[in-house]
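Throw the hints in and build the complete structure from the sequences for me.
2 protein chains.
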Amino acid sequence: MSWEDTATMMQKHREETYAAVEPAIPEPPKELPLNVTGVPKQLLSENVISITESPPQTLIESLASGKLTSTDVIKAFLQRAGLAGKLVNCITELLPQRAMERAKYLDEYLAENKKPIGPLHGVPISVKEHVGMKGLDLNAGFVSWVGRVAPDDATLLKLLWKAGCIFYARTTEPQALMHLETSNNIYGVTVNPYNTKLTSGGSSGGEGALLGLKGSCMGIGTDIGGSIRSPAANNGLYGLRPTAFRLPTAGWSATMMGAEHIIPVIGPLSTSLEGVKVFMKSVIDQQPWLYEPSLVQLPWKDSSKETLLRKGYDGRRKLCVGVLADDGVVKPHPPILRGINTLIEKMKSNPDIEVVEFPPYKHDEAWRIISPLYFADGAAEEKAAIEASGEPFRPLTNFIIKETKAKELTIPELWQLTKDREDYKAEYSQHWNSVNTTLPGPDSEELVSIEAVDARDKMVDVVLTPTGPGCAPPLECAKYWGYTSQWNLLDYPCMIFPTGLYAGEEDKVEEGYTPRNERDNYNYELYKPETFIDAPISLQLVGRRWEDEKVIEALEFMMEAAKMESS
Amino acid sequence: MSWEDTATMMQKHREETYAAVEPAIPEPPKELPLNVTGVPKQLLSENVISITESPPQTLIESLASGKLTSTDVIKAFLQRAGLAGKLVNCITELLPQRAMERAKYLDEYLAENKKPIGPLHGVPISVKEHVGMKGLDLNAGFVSWVGRVAPDDATLLKLLWKAGCIFYARTTEPQALMHLETSNNIYGVTVNPYNTKLTSGGSSGGEGALLGLKGSCMGIGTDIGGSIRSPAANNGLYGLRPTAFRLPTAGWSATMMGAEHIIPVIGPLSTSLEGVKVFMKSVIDQQPWLYEPSLVQLPWKDSSKETLLRKGYDGRRKLCVGVLADDGVVKPHPPILRGINTLIEKMKSNPDIEVVEFPPYKHDEAWRIISPLYFADGAAEEKAAIEASGEPFRPLTNFIIKETKAKELTIPELWQLTKDREDYKAEYSQHWNSVNTTLPGPDSEELVSIEAVDARDKMVDVVLTPTGPGCAPPLECAKYWGYTSQWNLLDYPCMIFPTGLYAGEEDKVEEGYTPRNERDNYNYELYKPETFIDAPISLQLVGRRWEDEKVIEALEFMMEAAKMESS
Chain A
270 MSWEDTATMM
280 QKHREETYAA
290 VEPAIPEPPK
300 ELPLNVTGVP
310 KQLLSENVIS
320 ITESPPQTLI
330 ESLASGKLTS
340 TDVIKAFLQR
350 AGLAGKLVNC
360 ITELLPQRAM
370 ERAKYLDEYL
380 AENKKPIGPL
390 HGVPISVKEH
400 VGMKGLDLNA
410 GFVSWVGRVA
420 PDDATLLKLL
430 WKAGCIFYAR
440 TTEPQALMHL
450 ETSNNIYGVT
460 VNPYNTKLTS
470 GGSSGGEGAL
480 LGLKGSCMGI
490 GTDIGGSIRS
500 PAANNGLYGL
510 RPTAFRLPTA
520 GWSATMMGAE
530 HIIPVIGPLS
540 TSLEGVKVFM
550 KSVIDQQPWL
560 YEPSLVQLPW
570 KDSSKETLLR
580 KGYDGRRKLC
590 VGVLADDGVV
600 KPHPPILRGI
610 NTLIEKMKSN
620 PDIEVVEFPP
630 YKHDEAWRII
640 SPLYFADGAA
650 EEKAAIEASG
660 EPFRPLTNFI
670 IKETKAKELT
680 IPELWQLTKD
690 REDYKAEYSQ
700 HWNSVNTTLP
710 GPDSEELVSI
720 EAVDARDKMV
730 DVVLTPTGPG
740 CAPPLECAKY
750 WGYTSQWNLL
760 DYPCMIFPTG
770 LYAGEEDKVE
780 EGYTPRNERD
790 NYNYELYKPE
800 TFIDAPISLQ
810 LVGRRWEDEK
820 VIEALEFMME
830 AAKMESS
Chain B
270 MSWEDTATMM
280 QKHREETYAA
290 VEPAIPEPPK
300 ELPLNVTGVP
310 KQLLSENVIS
320 ITESPPQTLI
330 ESLASGKLTS
340 TDVIKAFLQR
350 AGLAGKLVNC
360 ITELLPQRAM
370 ERAKYLDEYL
380 AENKKPIGPL
390 HGVPISVKEH
400 VGMKGLDLNA
410 GFVSWVGRVA
420 PDDATLLKLL
430 WKAGCIFYAR
440 TTEPQALMHL
450 ETSNNIYGVT
460 VNPYNTKLTS
470 GGSSGGEGAL
480 LGLKGSCMGI
490 GTDIGGSIRS
500 PAANNGLYGL
510 RPTAFRLPTA
520 GWSATMMGAE
530 HIIPVIGPLS
540 TSLEGVKVFM
550 KSVIDQQPWL
560 YEPSLVQLPW
570 KDSSKETLLR
580 KGYDGRRKLC
590 VGVLADDGVV
600 KPHPPILRGI
610 NTLIEKMKSN
620 PDIEVVEFPP
630 YKHDEAWRII
640 SPLYFADGAA
650 EEKAAIEASG
660 EPFRPLTNFI
670 IKETKAKELT
680 IPELWQLTKD
690 REDYKAEYSQ
700 HWNSVNTTLP
710 GPDSEELVSI
720 EAVDARDKMV
730 DVVLTPTGPG
740 CAPPLECAKY
750 WGYTSQWNLL
760 DYPCMIFPTG
770 LYAGEEDKVE
780 EGYTPRNERD
790 NYNYELYKPE
800 TFIDAPISLQ
810 LVGRRWEDEK
820 VIEALEFMME
830 AAKMESS
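Just so you know, the protein sequences line up as chains A and B, in that order.
According to my numbering, the first sequence is numbered sequentially starting from 270.
According to my numbering, the second sequence is numbered sequentially starting from 270.
Hints are supplied without guarantee of correctness; some may be wrong.
Since the list gives no way to pick one copy over another, a pair counts as held whenever it fits inside one copy or between any two copies.
Said to hold, decoys possible - Derived lysine-lysine pairs resembling BS3-like cross-links, with alpha carbons at most 30 Å apart:
{"#": "1", "residue 1": "K694", "residue 2": "K310"}
{"#": "2", "residue 1": "K748", "residue 2": "K580"}
{"#": "3", "residue 1": "K403", "residue 2": "K631"}
{"#": "4", "residue 1": "K550", "residue 2": "K797"}
{"#": "5", "residue 1": "K694", "residue 2": "K550"}
{"#": "6", "residue 1": "K652", "residue 2": "K281"}
{"#": "7", "residue 1": "K431", "residue 2": "K694"}
{"#": "8", "residue 1": "K336", "residue 2": "K676"}
{"#": "9", "residue 1": "K550", "residue 2": "K676"}
{"#": "10", "residue 1": "K403", "residue 2": "K688"}
{"#": "11", "residue 1": "K373", "residue 2": "K310"}
If you are wondering where the hints come from, they were derived from the structure by calculation, not from laboratory data.
Right, dumping it as structure tokens:
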């Protein structure tokens, strides 16, 4: 079969799954505005709108109390997900039969036991395609992998299932899983619902676009360079790149499965911060380290039980937010800087939040280290998987292989880069210790100052920074990974959140700016206010390694202080 | 300078440090028994004997209360360590000047502040040579590396120093740090104080022999295949191979610094279990993850505050001990099996301890995976470091390079082995889940059974197993790593402890045994009761990954039940 025929076959299968949804998925009008986020409201019933626009925590309550049945909820999400698929091409297949059966089971369970089956009883969860589901295709975006069938559910899915959820939709991802956009030769291009000339981001861009249209309230993405965060940011969502080794990854499919130089992670996207929290807690409470021994035995710290923020002398919570607005390599576009400044301004009046500058520390050096580690075999596995079907290389596949100078490393070269990586991580840690304290920074001769514990009270708790050098870029322009890959190298937990602001005509070009380098110039040239109209302005909150819960608690605190809503 | 001249120079320096100790280190008699552990008592003063034979917890109390001064204590240990060096060749240099200055400072601190400086106030700690000390040689056992000077103290040393300890002795290690014995071309061979025809073990064999002679009560070793545990076992000591990423390693020196396929660890040896505990707690309480970002943010769980063992319906602690007496590859010698059986017998009457069989799971497959990962560059770095000075390869260096079939791997080969490693770890975890429960084992198709959490109450807590296929072997015979390297591959915490028994004439050869394979045959042929006279019989207690504290608490509980002393 030619690669084109394989793609046609898969698209046809997708159409069949759409057709099996009841009530039928409405057909979108031929003429659509650039911003399609308002379309579902015009085409779906009030009841479907009301269910699908509820934040996950509200759904959880309604489902647990029986106010809503699992069947009602899943029907609404199937319909809206199908519509989203037709609008922005974010779906690989819907699972109406499995989902409806599961919902029926859950409704019966609740009726019989008078209590929910678990903390996610009836909650619909969408899943990026390369996370395996028993008996379903597992192609990871390669045409030649179509026909590979998952022998079992991924471990994460088993745990979410035990917690009570319903899987109902699988979502698109890019060729080779290594774009900050989403396009492959099986399903084509996924676009941004806020502005369909822009990308939904990637590689979890199917999730991003689907949640952006509220065809899902909770989804699963994966991230080795920004792949949860870019889609979360581009579509105005919450998304967590957890510290590695906190969530189980067994059962996903990708190239380079034995590579551990840069650890890929799996994590949630949601329409609310509460959704991210309940996802993490539901999984980690099940002690996933019993199944996947690479995971760390770190229970989930529940901020409702124990505050992770410092307490001041008066017993009030205290938070020190470092601001890293510009990584010193590529200057962010005006909307992003407006987003940061607006948030700082809103928090300023809160006496329990201290905002300090957090200077970048050699972010260009981080890219020098991480880029050859991405494809340590010279991208041989990706090339083989692409060439096996004769499908063409997507432009961003070519770009990233070239950008990372992919070549097969020798063991001594690999070890040298690994040493560089560890040295850089130690220096960054020292840098973090030194900001806002009197401890020596990484340029000091004394690399380890054992006074750090005593200085903890002054240290920065979290760092506020962009998710990329702009809002969602136009298609095939997402070329600078630094704002996200930086934290993959360091393995710091990162939370993406929407500011509630959108790019607009007011975000003027900075006239007379002299770009620092090629990449900065590319980014500068890319910016025109009219290109980015309506793109959500999202930001990233970064914590130290293992402090996932603290990042979430800090964000809750900041949103409270800034009087922002978190759903 | 020829390599021989370099060695002579280093030995001369060592003699000078011996000569600087006051009061003078006594000269041992020319004629010595095979077992030299009784010699110190004949040559040292009663006061020195009393101090050096106190367990660390007693010393800590006496030092903190001022009952003993730091100066008294360090003088006693310097003298006894020097004597140990002369008896079994376990020292690379003593540090009388630094140590006496430090002791003086601590004594003044206590006098002035009326309280100890930290939890290890005045405690002498000996250190394996390749753990860097500012301004001192850092040769890691290679002649060509003599003259390399540590630019700073290793992070672990900084933290122990802040806790109040005194560094006073540096100890021997083998060429390339990759023997389960201790011999190099700088200082020669370190032997076992219980029987000087046997090895002290390795690679932390200088520590083992020094603590075995009570020339130290707490020391620092390192372990990638058994290097803390073999010396601890061979010399009747307590020794912990912690889970990786719990203690900081920055500042040590070795080949293959960028290799992360099998993680080397650092950890304590002590004359008491309490010593191991206080060492771990004193370091981890200082939040070492602030300095070394590879470390996991896991606070030390204090068993005096929270029991980690299960509670039965009656509120009593419960423990399930799995017994893995024979790994199915190489059968242990009769003294080891006697040790295990004696301990089981002694614990049997305790109703709160359940003893079950823990079958080995493919331990030969573990060696197939780990051995090529040890020298993934084909041992190129080791060969270069040895050849640079012209020193000869020690026999066990040749042996291990051959045994592991060292060759430079390609990236695809490395990834395949890494995948095999992770698969094996997941299977072993499933195996552990299944022993003594009704959960499916690793041979089942269902690799992840999410019912494990519900079965935790029945699961094995710790595994009791040998540390090697026999007690300390004769020199140049320590060739089977399986009983220790198994747990390096899995990264499980392991605690070595003495049974209080010693090998003797009563441990008869098992007549008519048919060895299973070459290695089993080698080990079987090696055994004659008269060869091993007086060798301590030690055992290993293994826990699941991250459960270091639980292993210690379980051992305390078992020793209590068996009415054994833990110091």
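These are the hints, each one checked on the structure:
In this assembly of identical chains, the alpha carbons of K694 and K310 never lie at most 30 Å apart, being 47 Å within a copy and 50 Å across copies at closest. Taking identical chains as interchangeable, the C-alpha atoms of K748 and K580 are never at most 30 Å apart, the minima being 42 Å within one chain and 56 Å between chains. With identical chains, the CA atoms of K403 and K631 are at most 30 Å apart between copies only, with a shortest distance of 28 Å across copies and 44 Å within one. Within a single copy, K550 and K797 get their C-alpha atoms no closer than 42 Å, and across copies no closer than 57 Å, so neither meets the 30 Å cut-off.
Taking the shortest alpha-carbon separations for K694 and K550, both the intra-copy value of 28 Å and the inter-copy value of 25 Å come in at or below 30 Å. With identical chains, the CA atoms of K652 and K281 are at most 30 Å apart within one copy only, with a shortest distance of 27 Å there and 60 Å across copies. Taking the closest pair of Cα atoms, K431 and K694 come within 30 Å of each other only across two copies (24 Å); inside a single copy the shortest separation is 37 Å, beyond that limit. For a Cα distance limit of 30 Å, the shortest separation of K336 from K676 qualifies neither inside one copy, at 57 Å, nor across copies, at 65 Å.
For a Cα distance limit of 30 Å, the shortest separation of K550 from K676 qualifies neither inside one copy, at 40 Å, nor across copies, at 45 Å. Taking CA atoms no more than 30 Å apart as the test, K403 paired with K688 passes between copies only; the shortest distance there is 21 Å, against 39 Å inside one copy. Only within a single protomer do K373 and K310 lie at most 30 Å apart by alpha-carbon distance; the minimum there is 27 Å, versus 79 Å between protomers.
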